[in-house]
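Asks: Residues per chain, in single letters:
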Amino acid sequence: MWKFIVRRLLITMPQIVLLSILVFIMAQLMPGDALSGLIDPNIDPAAIEEQREKLGLNDPWYVQYTDWVTSAIQGDLGQSFRFKMPVTELIGQRLVNTFWLGLATLIFTYIIAIPLGITSGRYNDTLRDQIITGYTYIGFATPLFIFALVMLWVFGYSLGWFPTGGSVEPGLEPGSFAYIMSKINHLLLPAISMALITTVNTVQYLRSEIIDTKQKDFVLTARAKGASEARVYRRHIFRNSLLPVAAYFGFEITGLIGGTIFIETIFSYPGMGLLFMESVLQRDYSVVTSVVLLFGIASILGALLSDIILSLVDPRIRIK
Amino acid sequence: MHYTETESMVTNEEKVPSLAKIIWREIVRDKVALISFLFIILITSFVYGISIFLNQDEIVRVDLFAINEPPSENFWLGTDYGGRDIFGQLIIGTRNSLSIGILVTLMTGIIGVTYGLASGYFGGTVDNIMMRIVDFFLILPFLMIVIVFVAIVPEYSVWTFSLIMTAFLWMGKARLIRSKALQERELDYAQASKTLGTPHWKIMFLQVLPNLSSLIIVTMTLNLAANIGLESGLSFLGFGFPEDTPSLGTLLGYARNPQTLELRWWIWVPAAVMVFLLMLAVRNVGEALKRATDAKQRRG
Amino acid sequence: MALLEVTDLKVHFPIRGGILNRKIGEIKAVDGVSFSIERGKTYGLVGESGSGKTTTGKSIIGLNHITSGTVKFDGVDLTGFKSEKSDIRKDIQMIFQDPYSSLNGKRRVLDIISEPLRNFEKSSKAEEKKRVQELLERVGLSPESILKYPHQFSGGQRQRIGIARAIALKPKLIIADEPVSALDVSVQAQVLNFMQDIQKDLNLTYLFISHDLGIVKHMCDEIGIMYKGRFVEEGTKEGIFNNPQHIYTKRLVAAIPDVNPVNRQRQKVYREKVEEEYQKNYNDYFDQEGLAYPLRQISQSHLVALPQKG
Chain R
143 MWKFIVRRLL ITMPQIVLLS ILVFIMAQLM PGDALSGLID PNIDPAAIEE QREKLGLNDP
203 WYVQYTDWVT SAIQGDLGQS FRFKMPVTEL IGQRLVNTFW LGLATLIFTY IIAIPLGITS
263 GRYNDTLRDQ IITGYTYIGF ATPLFIFALV MLWVFGYSLG WFPTGGSVEP GLEPGSFAYI
323 MSKINHLLLP AISMALITTV NTVQYLRSEI IDTKQKDFVL TARAKGASEA RVYRRHIFRN
383 SLLPVAAYFG FEITGLIGGT IFIETIFSYP GMGLLFMESV LQRDYSVVTS VVLLFGIASI
443 LGALLSDIIL SLVDPRIRIK
Chain E
81 MHYTETESMV TNEEKVPSLA KIIWREIVRD KVALISFLFI ILITSFVYGI SIFLNQDEIV
141 RVDLFAINEP PSENFWLGTD YGGRDIFGQL IIGTRNSLSI GILVTLMTGI IGVTYGLASG
201 YFGGTVDNIM MRIVDFFLIL PFLMIVIVFV AIVPEYSVWT FSLIMTAFLW MGKARLIRSK
261 ALQERELDYA QASKTLGTPH WKIMFLQVLP NLSSLIIVTM TLNLAANIGL ESGLSFLGFG
321 FPEDTPSLGT LLGYARNPQT LELRWWIWVP AAVMVFLLML AVRNVGEALK RATDAKQRRG
Chain Y
13 MALLEVTDLK VHFPIRGGIL NRKIGEIKAV DGVSFSIERG KTYGLVGESG SGKTTTGKSI
73 IGLNHITSGT VKFDGVDLTG FKSEKSDIRK DIQMIFQDPY SSLNGKRRVL DIISEPLRNF
133 EKSSKAEEKK RVQELLERVG LSPESILKYP HQFSGGQRQR IGIARAIALK PKLIIADEPV
193 SALDVSVQAQ VLNFMQDIQK DLNLTYLFIS HDLGIVKHMC DEIGIMYKGR FVEEGTKEGI
253 FNNPQHIYTK RLVAAIPDVN PVNRQRQKVY REKVEEEYQK NYNDYFDQEG LAYPLRQISQ
313 SHLVALPQKG
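Residue numbers (my numbering), protein chains in the order written: chain R, 143 to 462; chain E, 81 to 380; chain Y, 13 to 322.
One chain only, chain R, in its complex shape (with noise of 0.2 Å):
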């Protein structure tokens, strides 16, 4: 097994590497390059260009790529122009509304996936788990910006019951009690309506492992016992389904990087999907090449965990 984690590992950092190369080559072909975002653009060419050298900026490419990946590795991301301050400043603000929307989500996502997954596959072809089966079908339909579009629509403006934008009430003093709910009020519309539809994936997965695992031999060797039904499903059943699908934690992170996108731009959430919207849009492009990097970064290891995790509960995966 432990062979197994170190072939995982060793796999990654080619991936990071690469994943560092394709970011840098997506720099290059922005237009203008991180001396546009420091200067004053009216001053003498000459003197422009004397910086440019002074700055590396007419080194060979991998001279380039190089000062840029020991600086990302320093913390050191460049300066965004829009902002007038370091990128890495920039990113950990927002990483934390970013981390708070996304454990919210990934707590809906679990709450609701569990009980139903569950009740779908306990009671397979029942009325209740076709309720959930087509719940499950619609929401595999539905694009998340719509849903989100038609929740912001009917739960904030038409019912105003949550707040339509922003992290926190402006005014309030950070770390008092109210403004810890006012973060958890804000949170909340976003958070559900991403975990409504991404959860649908696990919702399913569930529910074909637990119609898998009942009808392998250990559980019927349990009924054969005489353990009770609720026995037989709380201590085979359901421990033996909900390994696999923890595995897929990992997985629900790449998922959530795409999601924050949208969610972010719809609620006016200011974390990491917002700021890459608005870098994008005005041009801000060492901030732009930062979160790509960073959340590349970030569905690699989310892949990576899921692999090591599923080769813990599976040992089949190991042998590949």
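If you are wondering where the hints come from, they were derived from the structure by calculation, not from laboratory data.
Heads up, a few of these hints could be off.
Said to hold, decoys possible - Straight line, CA to CA, 27 Å or less: simulated DSSO-like cross-link-like pairs of lysine-lysine: (1) E/Lys274 with Y/Lys102; (2) Y/Lys137 with E/Lys274; (3) Y/Lys22 with Y/Lys118; (4) Y/Lys102 with Y/Lys134; (5) Y/Lys184 with E/Lys101; (6) Y/Lys229 with E/Lys274; (7) Y/Lys134 with Y/Lys184; (8) Y/Lys229 with Y/Lys160; (9) Y/Lys184 with E/Lys282; (10) Y/Lys137 with Y/Lys118.
Fit chains E and Y to the known structure of chain R by using the hints.
Replies: This is chains E and Y only, laid out in the frame that chain R set:
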């Protein structure tokens, strides 16, 4: 030469129906799929038919005397902030969204199938390298990278948009086809072709490919649904169709303006309903196809 | 000169493992096999499953990579032959074991049988169709069935289609890999007799791979017995069946059921005796790894793998 003819007498003439027939039967039997199928046919012929008579320039022309009008006799679904007729935009938008959905599905299909087929057929080191590449592309934050490329590509058009989408969407299919091709290449008929001197590309495309047809049809249908959603999502964010080329996504994009979202439902709700119904219907047909091909597998 | 001459053929498959997926060992599927087949004769390769007989056949036709050794066909060395389109390859064809998977279910009989013709001969559609119809007739199927699909035929008929495809290019050597083991017993004899018929008509040479000694006795002139990638005994049909030397061969021969019920009791006693000898003397006949010893000549046409001291 003597041999008993008894064997030729007992030709098992049991008709094994063709794939097309099974698919048709399964769709007709499944009422939901049938309705979905008819809906798709209806909508498709309607939007493509009507849009011949509609003048796109006429519809996207700004009319400052009819801004943000609610539905009326003149404008069945009202107008947007530029006084443009929503109903006309909806028709042309549906057509554009469908067209690009189909185009991207076909292009990713061709690339994905060819790549997966080659990877699975040759196997070994070739397969290993090709699949590591796919793995890498699959983990990338797809949406962000597409948005960045859309933002930085010079001379942006509908074509470059579909090319960018295609470039990052073929991997899932490649992986699926590859795993099936890996099984097929071990079968005797593929081996037999080699001993008969058939070149690799012919074995891949004339021998193995037909045996993957049902898998390809099912995946492409489900992909079409996903691609329609993806296009509308990207256009919604402002990184898909340009505004002078209406699509379902650009109509939905108006809802990024809180006032439109809150007060002028007629601009975005019809497009939202249309995207939802189209995706649902295409998925229904896709799922029915999946069941049909599974049924065929059961029958052998 | 023999049509096919195989000398010290080795086919090894690597076992990969470890963190970097490097080669950590190998399976010796075929480990130093030599034999030759005379023109117009049938050579039987016998062994249990996993003995390497199919691998031997497949490596001769180029489906498996040959690790070392030579395969000479008509005096030309085939090892290291890259071009599959060469005329030599055209002279060797194969009949596969499973008539269900060896015919592509998505293609019509016409396409299946004309596949080799399309690869090697440029002929018009009409000519091609005529050739296929002739071939179908030759294998005893109705020429009208060219537009049917394989699933519309029975197993025996499918195997005939496979044979039609194999003889389409008028090959000299046909490798028949358990051609009847997937068929009903009632159909087996028909197909085998038919194979003997076309052998005479077309002057074919067969490499006949089988695990069934009864069938091999019926079909073959010379026989090689394989065990774990090596030959344990080789000789003429008479030599092998009347005078088996190696205990492994004896055991196989003893296991052939006798049709005559009168002999049944005697046969049973003999089989038990051989089995007892096999259990007792196993270590004398195989080396420490359980593999056969190198072959030694015991008569003009009979070779046995016995240890040096005998």
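Asks: Could you work out which of the previously given hints the structure breaks and list their numbers from low to high?
Replies: The structure breaks hints 3, 5, 6, 8; every other hint is satisfied.
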